[in-house]
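Chemist: Below, each chain spelled out in residue letters.
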Amino acid sequence: MRSLFVVVLALPVFLMAQSPKYKVGRAPTAEEVKAWDVSIGPDGSGLPEGSGTVAEGKDVYSRRCQRCHGAEGKGADDAALVGGQGTLATPKPLKTVGSFWPYATSLFDYTHRSMPFKDPGTLTPNQVYAVVAYILNLNGIIGPDDKMNAQTLPKVRMPNRDGFVKDPRPDTGAKSKKKAVK
Amino acid sequence: MSDNRRRFLKLGVTLGSVLTGCNRAKSPTAELDDEGPKRLGKPLSEYGERSSFETVKRSTPTGKNLEIGATRTPLQECYGVITPSSLHFERHHSGVPEIDPAQHRLLIHGMVDRPLVFTVEELKRLPSVSRVHFVECAGNSGSEWGPKTAPNVQNSHGLASCSEWTGVPLAILLEEAGVQAGAKWLVAEGADPCKMSRSLPIQKALDDILVVYAQNGEAIRPAQGYPLRLMVPGWEGNINVKWLRRIKVSAEPFYTKDETSKYTELMPDGKARIFTFEMDAKSVITYPSGGQKLLKPGFHEIRGLAWSGRGRIEKVEVSADGGKVWTAAKLQEPRHSKAFTPFRLPWTWDGGEAALMSRSTDETGYVQPPVEELIAVRGLNSNYHNNAIKTWKVHPDGSVTNA
Chain V
1 MRSLFVVVLA
11 LPVFLMAQSP
21 KYKVGRAPTA
31 EEVKAWDVSI
41 GPDGSGLPEG
51 SGTVAEGKDV
61 YSRRCQRCHG
71 AEGKGADDAA
81 LVGGQGTLAT
91 PKPLKTVGSF
101 WPYATSLFDY
111 THRSMPFKDP
121 GTLTPNQVYA
131 VVAYILNLNG
141 IIGPDDKMNA
151 QTLPKVRMPN
161 RDGFVKDPRP
171 DTGAKSKKKA
181 VK
Chain S
183 MSDNRRRFLK
193 LGVTLGSVLT
203 GCNRAKSPTA
213 ELDDEGPKRL
223 GKPLSEYGER
233 SSFETVKRST
243 PTGKNLEIGA
253 TRTPLQECYG
263 VITPSSLHFE
273 RHHSGVPEID
283 PAQHRLLIHG
293 MVDRPLVFTV
303 EELKRLPSVS
313 RVHFVECAGN
323 SGSEWGPKTA
333 PNVQNSHGLA
343 SCSEWTGVPL
353 AILLEEAGVQ
363 AGAKWLVAEG
373 ADPCKMSRSL
383 PIQKALDDIL
393 VVYAQNGEAI
403 RPAQGYPLRL
413 MVPGWEGNIN
423 VKWLRRIKVS
433 AEPFYTKDET
443 SKYTELMPDG
453 KARIFTFEMD
463 AKSVITYPSG
473 GQKLLKPGFH
483 EIRGLAWSGR
493 GRIEKVEVSA
503 DGGKVWTAAK
513 LQEPRHSKAF
523 TPFRLPWTWD
533 GGEAALMSRS
543 TDETGYVQPP
553 VEELIAVRGL
563 NSNYHNNAIK
573 TWKVHPDGSV
583 TNA
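As they're listed, the protein sequences go chains V and S. So in this note's numbering the end of the first sequence lands on 182, straight run, no missing numbers. So in this note's numbering the end of the second sequence lands on 585, straight run, no missing numbers.
Simulated from the structure, these hints should not be mistaken for laboratory data. Remember, predicted model here, so these are calculated numbers, not experimental data. Check before you lean on any hint, since a few could be wrong.
With a straight-line Cα cutoff of 25 Å, these simulated DSS-like cross-link-like pairs (lysine-lysine) come out [as the list claims (entries may be wrong)]:
1) S:306 / V:118
2) S:453 / V:166
3) V:34 / S:575
4) V:118 / S:246
5) S:386 / S:366
6) V:155 / S:444
7) S:366 / V:155
8) S:478 / S:386
9) V:21 / S:306
Just need the whole structure built from these sequences, with the hints factored in.
Modeler: Rendered as structure tokens:
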């Protein structure tokens, strides 16, 4: 019922979309959009040029990441990045990049835009590719000689890629029982 | 003044002095003897401050880095529907940026016919609406899954606040940009240093999302996203992106860190729920609640707040005996959709033990569950979206504790 309502509501919006009504705002230049658009899709769309190796990543990690995330990504003041595979269904799950994150592209996106915590956005694309390669290798997801770039990174299959399910709520009370019968 | 009344007042003062063990400095005779101030008060001022006697605060920030983390709203000391902007809970990921609104821009791009850049002034020119909505962090009441360690409702439920928000419907901005066929999602990004970003289905934008620039009648506070934030009614707080500066329209979600690594709920089978946007119906008693003290038996008004991310609150029932008998509370009108709804119930405390609970029902018919029901389905490692019925225990000495 709700989705039907949304569809009906959405139609005229898309039809009207052909002509702007208020003519407020301006068109950005392609350069402006490129400078701001740091979103990386799970298909790798948006990944910048550049590349990095596991060895290079180890160097970047020791200088820029280790203080908070610990030696070899094992965690310190901040989250562990390594380990935990096989623990998600146990009473003490360890959620890390290796055990939990569904896409390697998310790791690039987040590291590129938000890390290091105190100097966010200061790693170059090459440094980000490298440190992503290092973390993926520590988790046993890529080999020690693998190189990460815009072509190879989206092809990395994360161990928990299929570990996510749609929101089934409401999941308690009479409503959920009714749903289950249907 | 009659002799009787004079004697009564004098008795009161004497008793009061004995009970409190101190002498009132100003009035040696009676509470009401003071005729009022004889000197002029403070002059007019351009921006108001609260009384110097008022000390209600958000919780104290803790942690190694004070730019990340949360402070909580003192719900036990707030009144009515609206949370004062200064007491609205905070959850930041890389501090509160200081943004000059004249320099701030909102970019809309991606799968649109006409990418657009808006200034804040331009957004203010567009058709506006004001709506009352709560914001609740998905991690609110996270301490309530296990042993009940939160001493009060501020700690257990204070990652929720409610404001009147004013801004422009996002649907209008998307119409201006011309959403292309096949577009189903958008990603919203903040201008905070970490550029926090979240994906959300475009249907919600066409339904009721606002790009807001005002909160409770004035510009949004910096801690709430000044000069622009996304207001996503009823959906988890994290997605109400603050310091909003970019919206990209897309066919697929982006699986950002805050919608994969965080804000997903791990189930007992090891699978995690993703894109769990709506906040389920919830309620909590704010008086009497943890840390408060009932001075004496007799009349007390049980007070609390209810809210649902799926619409209006239809009913709140209150129990004083741990859930055996439930009585419908009176709801504050008007009841806004996806907003705090205060409820009240007269109660006579007999001086014995009591277990106070509240249970809300929203307009979809959903009933707030006991925590055991949530745990039976979700286990103990889902962290987020705990909307369970909350119990406060009243002890014979009048103290109230978490239970």
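Chemist: All hints, please: hold or fail.
Modeler: Verification of the hints:
no. : hint          : verdict
1   : S:306 / V:118 : violated, 34 Å
2   : S:453 / V:166 : holds, 10 Å
3   : V:34 / S:575  : violated, 57 Å
4   : V:118 / S:246 : holds, 12 Å
5   : S:386 / S:366 : holds, 10 Å
6   : V:155 / S:444 : holds, 23 Å
7   : S:366 / V:155 : holds, 24 Å
8   : S:478 / S:386 : violated, 49 Å
9   : V:21 / S:306  : holds, 15 Å
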